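Protein chains: 2
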Amino acid sequence: MAAANDQQDIKREKILEASHQRFLHYGYSKTTMNEIAGDLSMSKALLYYYFPDKSQLYIAVMRKLATDYLKTLENRLNSFANLKDAFTFQVNTHHEFIVNNYNFFDFFRLNEQNLPEAIWQIVGEVHSAELGLLSNAIKTEVEKGAIKPVENPEEVVDVLMDALHGIRVGAISQKKTNFPRKEHLEEIHTKKLLLLDIFIKGLTA
Amino acid sequence: MAAANDQQDIKREKILEASHQRFLHYGYSKTTMNEIAGDLSMSKALLYYYFPDKSQLYIAVMRKLATDYLKTLENRLNSFANLKDAFTFQVNTHHEFIVNNYNFFDFFRLNEQNLPEAIWQIVGEVHSAELGLLSNAIKTEVEKGAIKPVENPEEVVDVLMDALHGIRVGAISQKKTNFPRKEHLEEIHTKKLLLLDIFIKGLTA
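Chains as they are written, first to last, in the numbering used here: chain D, 1 to 205; chain L, 1001 to 1205.
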């Protein structure tokens, strides 16, 4: 039984990898279940046995990406010399994640007004995990005596994360553009680093 | 001729005032041109002479509100003892403006996906004016020697304003809710003041 489950897990993992590549290179709408099955030399019936429809497959890939992203943060976030390096690592990792997976998120642009609840749940879980990791980074610095005590680290990180999410590009800053355009990602990243620089100075001053 | 124009201006101003009250108390969709004409004991034809339709009247009221808002900022923004007081005044004035005109903005909630270009233009003008006023406040402090030189004040204020706009409330932080709910305004205001406090410390440290 265990071996059978392992086999299933391996197959499931292979489906997620192949789907991720498809979604990444062709986008959600231009990817078919047929093509994914073809990439894996797998029958369409078997693919549907694992994932009943394309949106559930997409959500499973997103969950995997979110887990990998959080692992990257977890593995490093407590090994920094100071708070600025820790937070910069978060901002850089997030930036790289979005740049590398940009086309994958076409689903967000296509369904902006009506994202499935499961997507919001993953986004919420990532947000909570980041909140936990970053407030721990603050607590560690306070314990080390590297910065003065922070009354409510979670509140501070929550505000900082909202603030970072608020960063937009120039003329479009007021208009609703929920998912930034690819050509704006670098400028947004630069602005986030400036915000971070001032914010961390204020926190550690 | 001049007297005739003055008369027209006075009438136009009265229409804007009456409309503001209607939009504020009953909302955009529940206000009719008929009612506004009635409030002013004016013929509907004359009202339409001044404003060809309700949306153009709404935009004119919004332009008036924006002008008043900016005047409040302009009149005070160069008379503060320090940068924190100046920026706090902006955040507080903005908060009061939204609280006092909350129902007026039902138009934004109703037309979130399709706001007229004229609205975006006003929003953009307010944004530019705030950017100018607040970066001047930084320059003044630098000239007084109260804070160390800031390389690019406009860039810093732009980032801060984006960051302030990004402030949301708890669980909804990730979901798109472009116009905040009334019961969240106080919490958002508190979070903005926290962000401002840390940011200004970072800027003046």
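I should point out that these hints are in silico values taken from the structure, not numbers from a laboratory.
Predicted model, so just to flag it, every value in this text is computed and none were measured.
It is possible that part of the hints are untrue.
Unchecked claim - DSS-like cross-link-like pairs, simulated, lysine-lysine; straight-line CA separation at most 25 Å:
| hint | chain 1 | residue 1 | chain 2 | residue 2 |
| --- | --- | --- | --- | --- |
| 1 | D | K84 | L | K1201 |
| 2 | L | K1139 | D | K144 |
| 3 | D | K201 | L | K1144 |
| 4 | L | K1148 | L | K1071 |
| 5 | L | K1071 | D | K201 |
| 6 | L | K1064 | L | K1084 |
| 7 | D | K144 | L | K1084 |
(request) If any of the earlier hints don't hold here, list their numbers in rising order. (result) Checked against the structure, the hints that fail are numbers 2, 4, 5, 6, 7, while the rest are satisfied.
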